[in-house]
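Enquirer: Residues per chain, in single letters:
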Amino acid sequence: MNGIEVKAVSKSFQHVKALNSVTLTFKENKIYGLLGRNGAGKSTLLNIITNRLFSDSGTVLVDGERASENDTAQQKIFLMSEATLYPDTMRVSDAFNWTKEFYGFFDSGYAESLCKEFGLSPKKKIKELSTGYRSIFKIVTALSVNAPYILLDEPVLGLDANHRDLFYKLLLKNYADNPRTFVISTHLIEEVSSVIEDIVIIKEGEIIKNQSCEELLKAGYTVTGAASDIDRYTAGKNVIGVDVLGGLKSAYILGEPDKSVSSGSLEFSRLDLQRLFIQLTNS
Amino acid sequence: MNLKPAIKYQLRDFVKGVGIFYLVIYLIILFLYVLVAVQINDSDSNISGLETATFIFLFVAGLNSFKNTFKLFLQNGLSRKTLFVSFSIAALAIAFFMDVVDSINHLLLQVIMPSQSIFDQIYSVKYVSQPSYVRFFDKFVWFLFLYVAMLFLGYFVTSLYYRMNKWQKLAISIGVPVFLFMILPLIDTVLTHGAIFTAIQNFLIFAMGFSSGGINPYIFVLTCIVSSVIFGGLSLLLGRRAMIKE
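These protein sequence lines are chains P and Y, in that order. Mapping of the first sequence onto my numbering: position 96 corresponds to residue 96, and the numbering continues sequentially without gaps. Mapping of the second sequence onto my numbering: position 201 corresponds to residue 201, and the numbering continues sequentially without gaps.
For the record, the hints were derived by calculation from the structure and aren't laboratory data. There are no misleading hints in this set.
Below 30 Å or equal to it, Euclidean Cα-Cα: the simulated DSSO-like pairs (lysine-lysine) are:
#: 1; chain 1: P; residue 1: Lys123; chain 2: Y; residue 2: Lys71
#: 2; chain 1: Y; residue 1: Lys4; chain 2: P; residue 2: Lys100
#: 3; chain 1: Y; residue 1: Lys8; chain 2: P; residue 2: Lys100
#: 4; chain 1: Y; residue 1: Lys245; chain 2: P; residue 2: Lys76
With the rest of the complex left out, here is chain Y (with noise of 0.2 Å):
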């Protein structure tokens, strides 16, 4: 595999992005502190969740990292397989990149006014009597593959809608909306009684960590492994076969 240049590019893709995304969040927080310092005057305002914009920002970064990369590399004698393998290994440098600086600029955020992470947030309890640095650790670990897998789902939805043609992609893009928001709560209602939501709502709180035996934050680092490896796998097996549309 000609991995070293396939990484670079795939890297240098994302920097960019990455740059603008960073220039407008500290626009942002910028823009909050003097409104809140000049403007509300108000001493029990904060800001918090900005992680939540990195997330965001990766599922973005996922869904464009895929066409234009992909022809670029066949035209420059690269495989899908390489492809993959360099999209992989940057979305985990790229992951730990942005878990670094958002740990700093929270760090830093923290100086100027009360900030909580949406870590924080979720599982303060439990660290109400540990050291700041198992926090700090258990918090880079969580985000560190809560990005992963973000970048990994929008890499996933990508390759699929590469794969399919127009009245497939008609489908799904509205098929899916349709089946979460309509049919699945209607069939709830009406047959179920909210037995089905009341799963996926139990479901959802023993993948965030929280279960009778106490909070455990590394449940959700396990799922988001999970999920990075079923997104991965089935773009893997997407881009496997996937050819040149001219």
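Bound-form chain P, shown alone (with noise of 0.2 Å):
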């Protein structure tokens, strides 16, 4: 197994480009976390690798396999996308029993329990689903698939905390269940943040960071205090960013954390993966 790999692929709307020579691998076994602002191309991508969209230039290939226009190297991939691609019209248990059809290895007993779990009715037709529901179907599609990769594109929306919450122990469980790629593209990076071990952020079309949680997270630290103390320990460092609250003052560094500089007013923390975000895609 290779993960799916994507070799400078490019794609334009008109005059906007959506994806720039964007190069990156997902290999198995891992939780992706794909951050981006809206409209970084972070859809864009994930339906490039399902052969829903076309790219202009550029490959992806799944397990070695081209991906696109294959049947084979797409039966190894789920995408839960935003849009409904299901007709209206039928009803939830009619699509499980499609998707086992279509993908052989669907577990319709677990997808029979998560259905209980989360108050889903599979009588219901999809057109009569509130877009919270909807978004759990999908996300009970997607988790019932056993795919080798599951792409989730912004799949808490609609959903209220408590089914966010029930979504991520799932997913966690899932996994440790049953190891395989889950990438998830999504806005909430606070929330995501505790399930993901590796990072792609995207900007602009182009990918800005692609490596673990934790390396990211090491790379930089938070120092809080007085406004004057973080004046003078900031001087000279590579600072992302600061907050300011009344005459406090926090600011994100990258680097190693220089506690020989004394003060009494300054506090050390790890960086906020939320803020670092904020940091690095502000334009």
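Please assemble the complex out of the two chains, which come individually in their own frames, going by the hints.
Expert: Put into structure tokens, the structure is as follows:
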């Protein structure tokens, strides 16, 4: 298995460059966070991987096989997208049955148990589901499909806090029971930060970070204290952003904390993923 | 290609529509039979050309066969190639099935009242001295390929509309009828003095199997096969680069 290899993929919509020579690999049995601001190119990338869109140039390989217009490669991937691609009049149970037909390894019993946990009625037609329950229906399908690569594009769209919490728990349990690759594209960075192992940050169609979450967060730190102390401390350091609240200032700095600088008011803590994301993706 | 489930889905998609269609047809026949037998009491009454409803139904079925299936197939990891091949196989199977049902219907209908298919009406002269099984076989083949052609025509139109943007759709929807029913007759009347419509008429007569050499319904079968290949080929080309519109 080679994972999903994206090689120099570019895509434009009219005059807007959505992806600019993107190269990356989603390795097997890892949980990735695909993060980026609105319009950064996350969904475009996932749609190209899953053959829903064609790239202008570049290739995508799944376990070494060309992904575009290749049933064998595509049978290894399942994308839960924001858009619902099932017929509106189809019942949830029928959608499960057809998914089992197309992906032989769909676990119907597991899907049924997930429906009970989320309170989703399999008898309902897809058009009768609210935004949140449409997401739940797609989550249940994605978790039950047992394909080696599961791509989740905004999976918690419209879900309340309880259902979001349940989703993250189920995702981790599912991953522990049956390790495979999950790629989660989301705006809710704080929530997903405890789940993801590796992070891919995409900005204006280009990959600006692609490393483990731990590594990324270790690359810097947060220092908080009195504004004057922080200004003194940060002089000459690689500051990626600051927040000021009254007389208190927080600075986000890349590098190792310099604890030799003694000042009672300084407090060091690890970088916060969401904060780092905001700083990295602010134009 | 993951063809087996794809064909199964395409067939399942047709089944409900076909069931409703025949239910309506049987109700219409029953209604007409009761009307003729009880109300009009006219022994010369007949029901003819029911197959017209079948080929119109198949054209509409073709129109409804692209968008939803395309989306569902992409959701489930099936390629555009699989979509087209599975549609083509399902189209042949459905056309064959409906041809069989229509043939049986026609035989049954003849028991209760006089009935002529459009094939009988068009080509009756050719079969005056032929055994009935020859007419039956030729009619079966004739309708089979007509049905297939109607499915591919519908599929082509819907594939074309899927690929076009709003303005292109508008231009085609207005432009084609305006050209066919206003501009072309105007040109034909003013500039060519009827030559265009005479040529079209001659072509259609030839395509239906009528020529100076005699009547041959298989010319129309060939016309349907060529049309199916053209519409199918164009649909394949259109579908090959179709992308999801969200």
